[in-house]
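K.L.:
In case you want the letters, here they are:
2 protein chains.
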Amino acid sequence: MADPDRMRTVADHVARCRRRGDDVTLVVSAMGKETDELLHLAAQVSAVPSGREMDMLITAGERKAIALICMALEELGVPARSFTGSQAGFLTDTNHRNAKILEVNPDRVSESLDSGIVPVVAGSQGVSTERDVTFLGRGGSDTTAVALAKALNAQMCELYTDVSGVFSADPRVAPSARKMSEISFDELLEMTATGCPKPAMRSVEVAHNHQVPLHVRSAFTWEPGTLVVQAIESESSVEQPIIRAVTHDMSESKVTVVDVPDKPGVSASLFRSLADRGIDVDMIVQNASEEGRTNISFTVPTEHLERAEEAMRSGVITELGARTIGINPKIGRVSVIGAAMKSNPGVAATMFETLANNGINIDMISTSAIRISCVVAADRAEEAVQYLHTAFGLDDR
Amino acid sequence: MADPDRMRTVADHVARCRRRGDDVTLVVSAMGKETDELLHLAAQVSAVPSGREMDMLITAGERKAIALICMALEELGVPARSFTGSQAGFLTDTNHRNAKILEVNPDRVSESLDSGIVPVVAGSQGVSTERDVTFLGRGGSDTTAVALAKALNAQMCELYTDVSGVFSADPRVAPSARKMSEISFDELLEMTATGCPKPAMRSVEVAHNHQVPLHVRSAFTWEPGTLVVQAIESESSVEQPIIRAVTHDMSESKVTVVDVPDKPGVSASLFRSLADRGIDVDMIVQNASEEGRTNISFTVPTEHLERAEEAMRSGVITELGARTIGINPKIGRVSVIGAAMKSNPGVAATMFETLANNGINIDMISTSAIRISCVVAADRAEEAVQYLHTAFGLDDR
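Top line first, the protein sequences correspond to chains G and P. Under the working numbering, the residue at position 330 of the first sequence is numbered 330, and the numbers go up by one with no gaps. Under the working numbering, the residue at position 395 of the second sequence is numbered 395, and the numbers go up by one with no gaps.
Honestly, the hints are just simulated from the structure, not real lab data. The reader is advised that the hints may include incorrect statements.
Note: identical chains are not told apart, hence a pair may lie in one copy or across any two.
As the list claims (entries may be wrong) - Below, a list of computed lysine-lysine pairs in the DSBU-like style, where the Cα atoms sit at most 35 Å apart:
hint, residue 1, residue 2
1, 330, 263
2, 33, 263
3, 64, 263
4, 64, 330
5, 179, 150
6, 198, 150
7, 150, 263
8, 263, 198
9, 330, 179
10, 330, 150
11, 198, 33
12, 33, 64
Next up, chain G with everything else stripped away, as it sits in the complex:
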């Protein structure tokens, strides 16, 4: 929702959907830079604003957007009614700035729908179990949309984004990346967990767990995008691995706790101290103890790096008896995602070779049943995506 023009375009699209006979509920995020501006305002009046007040402030952004969209709809003769997260029945936990949805009771939204009035719901917000306004944080609007689609038992949840669908790699990085007409939930989940920016991983988790059909599509071209399905009918031979996509993530930093005693409880206190601060830890790698000491590395969103470092320095390091911690924000994580990789060891070998042949060093490795990730130097990550996209034959399909 960048500006009034965009709002009119969206309203026009909604009017068309209605004319085709679809019942539509809108979930709207804040306008363009609105949230950033609000954050900036807060920073000017308070060094450490309380979570409760921050959420009260930030959610004003969506509040403006829903009202404006309703006005634009009414202008087109489409009856519409705005709902805050609370009004739409979003009950969350009390974790301000990053609240999680506990329940959705969309009675008022349903009533509006039943009366032929388009409900326009504020994304990324709710009311906590302590009756405070909460903000869902990053990816909140997509998650609101999916959870609402589930609660309303909607036929489809369409996520409109600035990209035209899910791609086999980021098209800005790999120009030969293809838009996929379909992707499976578990593959998309690994993709969004490893850097595919849209849709938000949280929303994919909720959609997957609650079986909400997704359509990821462009809010600009209105062309069909990518359908997220339970499974994709494989065309390749029975037991061959099927590489679907290459993702990369430049938003993380690496923290290494160096030379820590290899004894029970080390990882526990480390990760509890991070979890308590609400820091999402991503890749966790603990390796090879030698002479009773080990290194533990993990990646965190760079925006949480300071908090993570603080968590480490405030006791954890001395408590654990670690020698020091190492911080490396200049990393990129490159991942290959696809089916049947686990029983085909050649996939990992091909990935490592492709990087090696191009002189790209691997810093960390981690694998799952449908993914292999390598951490490499930040300034080589985009190249790595291109080489891997080519090596796994994704260019020319």
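Dock chain P against chain G, hints included.
P.N.:
Only chain P this time, still in chain G's reference frame:
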């Protein structure tokens, strides 16, 4: 297929299914210890038998079983016809002892079905692109069944095992483990990739990629088992993590390549040398470079440990400039599997704390979007499963 009695029981079950109006195709593995006995025979006549002859020998086991089952069926008045892997149309690659299925052309099986004659197909075998008999290796019979179900467009693939379904943990280890009535494909895939012994991971990969509905059930009690579905309707609150199962795997060993130069190509030559020897590498962990050197750890099936060690010692270590390699066969891998773990950092913290509180040290860690795995000492692994099963509330559900 332990003995003639079991064969009669199976034949009886098939007869019942037919009376209920179901078209049935049987996939049969070798009798009880048959395969082991054939391997033992081979060892007595040759130190290093060729792969081609080994496959010729081993596949004789299923050949006997299909013929005997057909006889038992005919005895009950059920017309039946046996098919080898080749006759059933299983085309594989040329990788003897561990061949992968390329295509299934089940014309003869279909004809038999259409004529009302029960096809009885030898599991775990096929014919290679070079027209040699091939053995599919571990998990081959389950994989044959799934691939055949797909090729025949069957309504359901029932995998009869010695357990009554898929459990939230190994019931021998965690007595409070529950049989799940349903499990999703991606969760079962991670479970079988981390130690859940039945069904074979390969077969789950194929079923997942080709959308073959599975029913994992007991060949002894005939009670309903676990249905493998695309997704499970979640009952918990919208964004809470749902821990589904705790798995453990005692079949792997850890190899650490110690103090290797941290430069491009190291992982590549390491894992290519393993892939070339057909060694399935499981967990791969590379950590934290210090002063330009790093350690790389990975796990391999203990039965491949010797080959892996050989691969390392035959050049790789000197080539790479590693100081030495460390081998630890006394490990167990314990994993927690479930949905929405990635956006809930508390799950990892709880896992680590549970282990720590019970004095169990963590040796390696690896994570995916729906799994966290810890390598621990072999003699603490089973306890770890119990503690985690309890900690994640799986006991009392």
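K.L.:
With reference to the structure, classify each hint as holding or not holding.
P.N.:
Status of the hints after comparison with the structure:
1. 330 with 263: Both ways: residue 330 and residue 263 sit 30 Å apart in one copy and 17 Å across, limit 35 Å.
2. 33 with 263: neither (47 Å within a copy, 42 Å between copies)
3. 64 with 263: Result: close neither inside a copy nor across copies, 53 Å intra and 53 Å inter.
4. 64 with 330: neither (38 Å within a copy, 61 Å between copies)
5. 179 with 150: Cα proximity of residue 179 and residue 150: in one copy and across copies (26 Å, 28 Å).
6. 198 with 150: both (19 Å within a copy, 33 Å between copies)
7. 150 with 263: Answer is neither: 45 Å inside a copy and 49 Å across each miss the 35 Å cutoff.
8. 263 with 198: Between copies, since 33 Å is at most 35 Å while 40 Å is not.
9. 330 with 179: within (29 Å within a copy, 46 Å between copies)
10. 330 with 150: Answer is neither; intra-copy 39 Å and inter-copy 47 Å both fail.
11. 198 with 33: Answer is within: at 18 Å inside a copy they meet the 35 Å cutoff, but 52 Å across does not.
12. 33 with 64: Result: close within a single copy only, 13 Å intra versus 72 Å inter.
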